[in-house]
Structure formats: C-alpha cells, structure tokens
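Novice: Single-letter residue listing:
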Amino acid sequence: MNLISLALMIEMPTIVVLVKQVPDTNAKIAVQGDRVDLSSVKMEMSPYDSFAIETALRHKEAAGGTVTALTIGAAGTEKILKDAKAMGVDNIVRAWDDSWGELDSNALQSVLKESIESLGADTVYCGKSAADTGAGSTGPGLAERLGWSNASNVIGAEFSTDVTVSMPVESGVAKISVPLPAVISCDKGDFKPRKANVKGIMMAKKAQVELMTATAPASSVVVSNHSMPAAKPAGKTFEGGSSASQVVQLLRDEANVL
Amino acid sequence: MTNMIVIAELTKGNVNPSTAELVSAAKAMGGDVTVVVPCTDASIADGVSSYDGVSKVIAVKSDVFAGNDSSGWATALDSAIPAGTILCLATARSKDVGSRLAARRGLSIVQDVVSIEGSNLTSPIYSGKANQTVSVSGDAVVSVRANVFPAVASGSSNEVSVVDASGDVKTAVQEVMHRASARLDVSEANIIISGGRGMGSPANFTHLEAVADTIGAAVGASRAAVDTWDEIPHSMQVGQTGKTVNPNLYIAVGISGAIQHLAGMRSSKYIVAINKDADAPIFQHADYGIVATWEEALPVFQDALSNLLG
Chain A
1 MNLISLALMI EMPTIVVLVK QVPDTNAKIA VQGDRVDLSS VKMEMSPYDS
51 FAIETALRHK EAAGGTVTAL TIGAAGTEKI LKDAKAMGVD NIVRAWDDSW
101 GELDSNALQS VLKESIESLG ADTVYCGKSA ADTGAGSTGP GLAERLGWSN
151 ASNVIGAEFS TDVTVSMPVE SGVAKISVPL PAVISCDKGD FKPRKANVKG
201 IMMAKKAQVE LMTATAPASS VVVSNHSMPA AKPAGKTFEG GSSASQVVQL
251 LRDEANVL
Chain B
259 MTNMIVIAEL TKGNVNPSTA ELVSAAKAMG GDVTVVVPCT DASIADGVSS
309 YDGVSKVIAV KSDVFAGNDS SGWATALDSA IPAGTILCLA TARSKDVGSR
359 LAARRGLSIV QDVVSIEGSN LTSPIYSGKA NQTVSVSGDA VVSVRANVFP
409 AVASGSSNEV SVVDASGDVK TAVQEVMHRA SARLDVSEAN IIISGGRGMG
459 SPANFTHLEA VADTIGAAVG ASRAAVDTWD EIPHSMQVGQ TGKTVNPNLY
509 IAVGISGAIQ HLAGMRSSKY IVAINKDADA PIFQHADYGI VATWEEALPV
559 FQDALSNLLG
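Top line first, the protein sequences correspond to chains A and B.
For the first sequence, the positions run 1 to 258 when this note's numbering is used.
For the second sequence, the positions run 259 to 568 when this note's numbering is used.
Keep in mind that a hint or two might mislead.
[As the list claims (entries may be wrong)] DSSO-like, lysine-lysine: derived pairs with alpha carbons at most 27 Å apart:
(1) B/527 with A/232
(2) A/206 with A/175
(3) B/270 with A/175
(4) B/285 with B/314
(5) A/236 with B/527
(6) A/28 with B/527
(7) A/175 with B/285
(8) A/42 with A/195
(9) B/534 with A/236
(10) A/82 with A/28
(11) A/28 with B/534
(12) A/79 with A/199
(13) B/534 with B/285
(14) A/192 with A/175
(15) A/42 with A/28
(16) B/270 with B/314
(17) A/205 with A/192
(18) A/195 with A/28
(19) A/192 with A/79
(20) A/113 with B/428
(21) B/319 with A/175
(22) B/534 with A/232
In short, the hints are calculated from the structure, not lab data.
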C-alpha cells in the first residue's frame with residue numbers, strides 16, 4: 001500500500017490556520033485627523049494566532065495531514081505568513097483583491113468561506129479574537145457559514161477522530177468533544193507557541209506565498225472615524241500605607257462603590 | 259421602522275439584569291423593541307415582562323439553552339425570532355451566538371458597542387487604546403458591553419408569548435471541572451483586585467484573596483505576574499492579551515500600569531492603585547492612588563474594609 005492510499009484510508013485532517021496582521025500590542029496608538037495613525041507602529045501577527053498555529057501543529061503531529069496558514073490582506077501582510085512558516089506550517093496562502101478595502105464581518109467571512117472551501121480544509125484554527133478589534137466574530141461566524149461545529153476561547157485540546165477541547169464555561173472548565181469539520185478559536189492556554197528555529201527561518205525565507213482571491217459582497221458596516229478615549233480627570237494621590245483607610249472611606253462616601 | 263430584537267442574557271439559568279440595559283441600547287438605535295428570552299422554563303421571562311419600552315416579549319423554550327453549543331443556540335433562536343436588528347450582551351457566549359446568528363442571516367456583526375447614536379455605533383479597539391465608530395446600513399447584529407447603558411425602568415406588564423424551538427447541537431460536553439473556589443471570575447465581577455509582579459511571589463496573592471473575600475471581589479493579575487509565575491493562571495490575566503474588564507471598582511496592587519494592562523482595565527468606573535513607585539504610570543489612571551508598599555497598605559485597607567462592611 002502506498003502512502004497516498006494510506007492517507008486517504010485514515011482521513012488525515014486538512015488544517016487551515018487563520019492569521020491576521022495587527023499593531024504590536026505594546027505599541028502606543030495615536031489618532032491623526034479621524035483615523036488611527038499606524039505609520040510608525042510595528043505590525044505583527046495577532047498574539048492569539050500563534051496559539052492557533054501551535055494547536056494546529058500539534059493536531060498534525062497527532063493525526064497527520066497538512067497545515068496551511070491563510071491571511072486576508074495586501075502584499076504588506078506577508079511577513080506574518082513567513083513567521084507562520086518558520087514555526088512549521090506546510091503552506092502559506094494570502095487571499096486579496098485590490099477592490100476589497102475594509103471588509104465588514106459579512107464580507108470577510110464570505111471571503112474566508114470561499115477560501116477555506118477551495119483549500120479543501122476540514123479543520124480551521126484561529127485566535128479567539130484579533131488584537132485590533134477584539135471582536136471574536138470570525139471563528140463562530142465562519143463555522144455557521146460552512147455548516148460546521150465550533151468552539152471558542154479554547155485553552156487546551158486532545159486529538160483523535162474528533163478534537164476534544166477545554167474551554168471555560170459558567171461553572172468552571174468544560175471538556176467538549178467537537179466533531180470535525182470544525183472551526184476552533186484559541187485563547188492563551190496550555191500550549192506555549194513554539195519558537196522558530198534556524199532551519200525554519202531559512203525555509204520561510206525561501207517559501208512561496210500562494211495567492212488566491214474570492215468574491216466579497218458589499219459591506220453594510222463602514223468605519224466612519226476613530227477617536228481617542230476621553231481622558232480621565234486627575235485622581236487623588238496619598239502617601240504612605242496608613243492612607244489606605246482614608247481611601248476606603250472615599251470609596252464609600254465619594255465613589256459609592258462599597 | 260425596523261424591528262429591534264433584544265436577546266436576554268442568561269446567567270446561571272436566569273435573566274441577567276443587564277438585559278434592561280440592552281433595551282435602552284435598542285431604543286437608542288430606534289424602532290420597536292422585542293425582547294427574546296432563551297429558556298428551558300418560560301417563567302424566567304416574567305421579570306422581563308415588566309420592562310418599560312418593550313412592545314413584545316417572546317420566551318423561546320428549548321433544551322439547547324441548558325447547554326453551551328453555539329450552533330444549538332443560534333439555530334433555535336433563528337427559528338423563533340423575526341427579522342430585524344439583533345442586540346445581545348457582549349459576553350463570551352453571546353458574542354459567539356451572535357456571530358453565528360449574523361452569519362446565518364447574512365448580516366454583519368458589530369461587537370462590544372459602548373455608545374450609540376442612531377445607526378452610528380462606537381466600540382473600543384486595540385483593547386480601549388482608541389475608539390472606532392461605524393455606520394450601519396440595514397439590519398445587523400450588535401453586541402453591547404454591560405454597565406454602559408442605563409437600565410430601562412420597570413412597571414409595565416407586557417404579555418409573554420411562549421415559542422417551542424429546537425436547535426442543531428453539534429458539540430458534546432464530556433465533563434466539567436468545577437472551579438475550586440467560589441470566587442468570581444474577573445469577567446463577571448463588579449469589583450476586581452489585581453496583583454502584579456510587585457507582589458513579590460505568587461504566595462502573596464493570598465493577601466489579595468483576603469481582601470477579595472471581604473468585598474466579594476474577583477482576583478486578577480497583570481501579564482507580568484502570569485508570565486512570571488506558573489501558579490497564577492492565564493484565566494486571571496487582565497489586559498490586551500487577557501480579559502478586558504469594566505467593573506465598578508478596580509484595585510491594582512503592585513502593578514506599574516504597562517500599556518498592555520491599562521488597555522484591559524481603563525474603562526473601570528473607579529480605579530485604586532497601590533504602588534511603592536510614585537512615578538508608576540498606573541497612578542495617572544487611578545482615581546485614588548496610594549504610594550506605599552503593599553505590605554504597608556493592604557493590612558490597613560483590609561482592616562478598614564472589615565470595619566466598614568463587617
């Protein structure tokens with residue numbers, strides 16, 4: 001029996017990890033005019049996406065198959081795909097069309113659905129949210145469009161014919177079996193993202209980014225402006241530990257929060 | 259005029275009081291407000307029937323609402339609620355269910371809204387380092403942060419119609435490891451006391467726990483503390499790569515106020531900072547700052563709280 005028929009027989013997963021480029025989470029953000037000015041801000045992969053990559057690589061190590069990192073973005077976003085490649089994903093893909101501009105969640109998820117289908121994936125990992133909007137809509141929204149199961153805010157996973165995830169629920173942490181195909185959104189949890197080694201970085205340099213495109217419906221949600229949050233009025237500062245009792249009194253009498 | 263549909267938030271099987279905030283958010287967008295109560299027992303909708311400004315209450319009864327599967331929730335709700343703009347609370351579960359509902363109906367979703375002017379919705383981005391205002395045309399799904407909009411008054415007596423629904427549940431819970439302590443999670447607490455690396459060791463978090471138990475607070479931590487000490491789990495982390503919180507009172511102890519941390523807690527109503535370094539950035543965001551070591555300040559703080567509340 002050759003390897004291909006063996007692979008078909010035991011149904012190895014075809015895994016896609018969604019990655020997004022965002023501003024460095026340690027960066028200061030400033031607004032120029034009515035838009036955030038990111039011209040001098042370092043861009044990086046959204047931190048939760050590295051947990052998604054780690055989980056995807058562990059899934060492949062347990063069950064075989066392939067891992068493809070997919071981003072939606074203009075050419076300037078390819079560095080995060082190279083970073084994903086250096087961590088160990090097999091393929092890197094960027095979907096884009098110059099007509100897209102800012103996609104709302106409906107348009108973005110439509111593009112992702114089409115891309116995932118043409119990649120033939122049955123398992124998608126992504127960060128629980130991207131560190132720019134923090135919305136967290138993509139995982140569950142994409143799952144619904146594909147008719148797949150999903151789990152969000154996942155902090156651990158075990159792999160067999162399905163994926164058993166750990167996720168926080170009202171009363172604690174639940175172990176939940178998620179049948180494939182599925183979209184799994186990852187939080188920072190049990191898995192520490194692996195560091196790229198020299199060999200990985202060398203391979204990433206040479207790796208080709210595969211390009212694809214899709215059809216995006218018109219956006220019905222349009223960004224009209226960005227603004228800085230209102231500055232807080234200066235508070236009261238006290239010296240020395242004994243002032244703590246005064247602060248407790250103020251919390252009761254002035255702030256009314258106790 | 260479009261239909262505004264509010265999905266009541268469920269907490270431990272009952273309607274969360276922030277549902278009344280969702281009604282005023284819906285009214286700020288304009289339109290006729292219907293409140294939908296997901297439930298296994300329709301009697302929990304009784305409290306909602308007294309909300310002012312509501313034209314209809316629908317209790318959607320299904321077994322799926324006893325579980326956590328977002329597909330089950332979304333399909334059951336979708337079958338029972340009319341077309342319109344849908345509002346839900348920006349909690350982990352409702353953001354998930356809302357995303358599925360939006361996708362199911364081919365709508366867009368706007369998450370974490372904190373301000374509404376008609377069809378212009380504002381949400382924090384970069385964990386609160388800036389705000390983003392979007393304009394929405396047509397129907398959408400909108401998740402709204404708790405503790406931001408005023409709750410509508412009660413006094414009305416709206417009729418409750420009960421609809422039975424079934425949903426497409428895709429995942430199965432195998433087991434739940436219950437939280438060892440009865441203490442609240444930072445994402446659901448009205449008061450949070452958090453420690454940073456300035457606490458010196460994870461063992462010293464017991465002093466924060468003692469204060470927390472006195473005032474019914476949750477205990478949180480900075481990223482520095484979570485990354486330094488294995489004993490401090492990520493579930494406690496407040497900040498841009500942890501949880502974003504907006505409690506009534508946030509007490510930061512031994513936390514310098516890195517931009518990452520500030521992003522996750524700056525929208526707290528009142529902030530108390532205890533830090534020995536008078537130049538720590540956290541003091542610029544504190545309503546009440548105490549320049550002292552935690553060893554000096556916390557026992558006094560604890561005693562004063564016990565005297566006041568005990």
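Novice: Determine for every hint whether it applies to the structure shown.
Specialist: Evaluated hints:
1. B/527 with A/232: holds (10 Å)
2. A/206 with A/175: violated (40 Å)
3. B/270 with A/175: holds (19 Å)
4. B/285 with B/314: holds (14 Å)
5. A/236 with B/527: With Cα atoms ~15 Å apart, residue 236 of chain A and residue 527 of chain B stay inside 27 Å; holds.
6. A/28 with B/527: Roughly 22 Å between the alpha carbons, so the hint for residue 28 of chain A and residue 527 of chain B holds.
7. A/175 with B/285: violated (39 Å)
8. A/42 with A/195: Roughly 20 Å separates the two Cα atoms, so the pair holds.
9. B/534 with A/236: With a Cα-Cα distance of about 16 Å, the restraint between residue 534 of chain B and residue 236 of chain A holds, given a limit of 27 Å.
10. A/82 with A/28: holds (25 Å)
11. A/28 with B/534: OK: residue 28 of chain A and residue 534 of chain B at ~25 Å, within 27 Å.
12. A/79 with A/199: The hint holds at about 17 Å.
13. B/534 with B/285: Not satisfied, since the Cα-Cα distance of roughly 47 Å exceeds 27 Å.
14. A/192 with A/175: holds (19 Å)
15. A/42 with A/28: holds (10 Å)
16. B/270 with B/314: Answer holds: residue 270 of chain B to residue 314 of chain B is near 24 Å, not above 27 Å.
17. A/205 with A/192: Status holds; Cα separation ~24 Å.
18. A/195 with A/28: Distance of about 26 Å is within 27 Å: holds.
19. A/192 with A/79: holds (21 Å)
20. A/113 with B/428: holds (19 Å)
21. B/319 with A/175: holds (26 Å)
22. B/534 with A/232: Satisfied, since the Cα-Cα distance of roughly 22 Å is no more than 27 Å.
The structure is inconsistent with the numbered hints 2, 7, 13, although it conforms to all the rest.
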